[in-house]
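With these hints in hand, go ahead and build the complete structure from the sequences.
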Amino acid sequence: MKYRALPIGISDFAEMIQKEFYYVDKTPMIQELLDSKAKVTLFTRPRRFGKTLNMSMLKYYFEDDRDWHGNRRDWSYLFDGLKIMEAGESYLAHRGQYPVIYLTFKDSKRESFARSYLEMERVLAEEFGRHDFILEHPELEKNKEKYLQLMRRQGSQNDYETSILFLAQCLEIYYRKKTIVLIDEYDVPLENAFSCGFYNEMINFIRALFESGLKDNTSLGFAAITGCLRVSKESIFTGLNNLNIVSIRNERYGEYFGFRVDEVQQMCHYYDMDHVYETVKDWYDGYTFGQTDIYNPWSVIQYLFDAQANQNWLPMSYWANTSSNSIVRTLVDRADDEDREKIETLLAGGSIEIQIHEDITYKEIYDEGDNLWNFMFFTGYFRKVREWIEEEIIYAKLTIPNREVRYIFNQKIQKWFHEKLKGRDMYPLHHAVIEKDCAVMTEEINDIFEETISYMDQNEYYYHGMMAGLLTGIKGYTIRSNREGGKGRSDLLVKPIRRSREAFVIEFKTTKDFDELDQKADEAIQQIVDRQYEVELRNDGYKYISYYGIAFCGKECVVHCKPYI
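First residue of the sequence shown? That's 1 in the numbering used here, and the numbers climb one at a time after it.
Be a bit skeptical, because a hint or two may be false.
[Stated by the list, open to error] Cross-link-like lysine-lysine pairs, in silico, BS3-like; alpha carbons within 30 Å at most:
| hint | residue 1 | residue 2 |
| --- | --- | --- |
| 1 | K109 | K83 |
| 2 | K512 | K397 |
| 3 | K142 | K37 |
| 4 | K281 | K19 |
| 5 | K109 | K512 |
| 6 | K397 | K543 |
| 7 | K177 | K37 |
| 8 | K144 | K177 |
| 9 | K142 | K215 |
| 10 | K39 | K144 |
| 11 | K215 | K109 |
| 12 | K562 | K475 |
| 13 | K397 | K415 |
| 14 | K436 | K363 |
| 15 | K415 | K475 |
| 16 | K436 | K543 |
| 17 | K106 | K39 |
| 18 | K281 | K106 |
| 19 | K2 | K215 |
| 20 | K142 | K178 |
| 21 | K109 | K177 |
| 22 | K555 | K475 |
| 23 | K397 | K384 |
| 24 | K422 | K384 |
| 25 | K106 | K384 |
FYI, nobody ran anything at the bench for these hints, they're computed from the structure. Being a predicted model, the structure only gives us computed values, none of them experimental.
Printed below as a string of structure tokens:
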């Protein structure tokens, strides 16, 4: 059987259908959008959840598309066999009937306002070029000069601020119908501007563009907008009384961005890969949009694509590679004791509670309160378990949705921890190890752990990795991890370059009872003795070998030592 190709990176609906890629049918969204009768609908979803593909679908369904001669191009065949064709004649009557302004700002990331503005100017100018056939209409003669200036990128900033309005007016004259406006990834320029330091300039431009194009536009039929974040406090959407905001909390449209459970099961079955479904679920499921259980579509497709070629392919965090995920690092860097405790709770599989702020702005992300947590929730880093209201305030219980996102947290926290260690004076700890000063070792290790964030289960493996990092760099010594000893493996060996010096065997134990720390440290030393972990060192010619037993309970430890005799 020849399978349909998986759509890696395909965001154009026509290409998806024409080249017969595997398509998860989201066309019922068209019916729901028509039923809503909202003048302007804002869809907020995390990145890589199919926003651009859905906007492209809307364009091909509604647009009365023309070539440069003004001849109609019929795209209705793209929808043959899809669910929207079963909706009824009242919905099918809208196919190919309207002028459409289609803009995507997903690539409008530049290091300055001037360059970002030029990129947005290019997007707007190209849309004028796409419709330039309308200039043949005699009633547009008076608008022709301004139209050509905007198309040729010769207009002023003020001209481009009103360009959506102007183009819609021109299209209405030509078509004698109201215009549909589709704007994809509207907030990418805002997020970029905030990161690069020209936020106020960008917000002023977008506000003017949207106010004229969406609020004061009598030529507007309806508009659909996508982005990651609702930013109504910016006054971008102020005055749009019929604005319909559809966030991940809303019941409406819950199934159209991302894949439902049954859609993922069908996809796995189609490719004869039912055996990987549980892996896909473990790594890429876990989102809840409204009441709908949703998988990350980008990661599901990427994983199945790789697993097709290699049946032993291991899952990975594909979503991590779609951006810097710098917001996680920001959370870690700015975390106080309370935030660190929340992060550790989440990484341990627990949940946290936050107050919901759905209309935060990029400028407010780092303000006090739950704004940063809210930003991460609405952009896909957390799953809502439940929500409730107390005295007019909405609260939500959040968890990490899946192993893919947990991996992102782990990687960012590990990198943060290692960078933190580089800036710390490790001499007191290293000197204490060589001098067998258990009191100083205990104090230094506890001080370090108090400042860290536990990024995995606090088992012996976790502490083993942490301690290997802490002890690496002792001058004149090498660290050997998990080496075979006499009757098993020691945790760490600290080996001097000169064999005449003292070497060390270190064993770790964990406990959930603080009162057992001393006992566990002694047990660790006894294990070294009983299992002859020093054999490797003896065989390497070391005569002086001491033993360390280190017991951990949470972020506290006790160090015991058995000096060589």
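Checked hints:
no.: 1; hint: K109 / K83; in the structure: violated, 36 Å
no.: 2; hint: K512 / K397; in the structure: holds, 26 Å
no.: 3; hint: K142 / K37; in the structure: violated, 33 Å
no.: 4; hint: K281 / K19; in the structure: holds, 28 Å
no.: 5; hint: K109 / K512; in the structure: violated, 49 Å
no.: 6; hint: K397 / K543; in the structure: violated, 57 Å
no.: 7; hint: K177 / K37; in the structure: holds, 16 Å
no.: 8; hint: K144 / K177; in the structure: holds, 20 Å
no.: 9; hint: K142 / K215; in the structure: holds, 24 Å
no.: 10; hint: K39 / K144; in the structure: holds, 28 Å
no.: 11; hint: K215 / K109; in the structure: holds, 26 Å
no.: 12; hint: K562 / K475; in the structure: holds, 22 Å
no.: 13; hint: K397 / K415; in the structure: holds, 28 Å
no.: 14; hint: K436 / K363; in the structure: violated, 51 Å
no.: 15; hint: K415 / K475; in the structure: holds, 23 Å
no.: 16; hint: K436 / K543; in the structure: holds, 17 Å
no.: 17; hint: K106 / K39; in the structure: holds, 23 Å
no.: 18; hint: K281 / K106; in the structure: holds, 29 Å
no.: 19; hint: K2 / K215; in the structure: violated, 50 Å
no.: 20; hint: K142 / K178; in the structure: holds, 20 Å
no.: 21; hint: K109 / K177; in the structure: violated, 34 Å
no.: 22; hint: K555 / K475; in the structure: holds, 26 Å
no.: 23; hint: K397 / K384; in the structure: holds, 6 Å
no.: 24; hint: K422 / K384; in the structure: violated, 37 Å
no.: 25; hint: K106 / K384; in the structure: holds, 27 Å
Hint check: violations occur at hints 1, 3, 5, 6, 14, 19, 21, 24; the rest are consistent with the structure.
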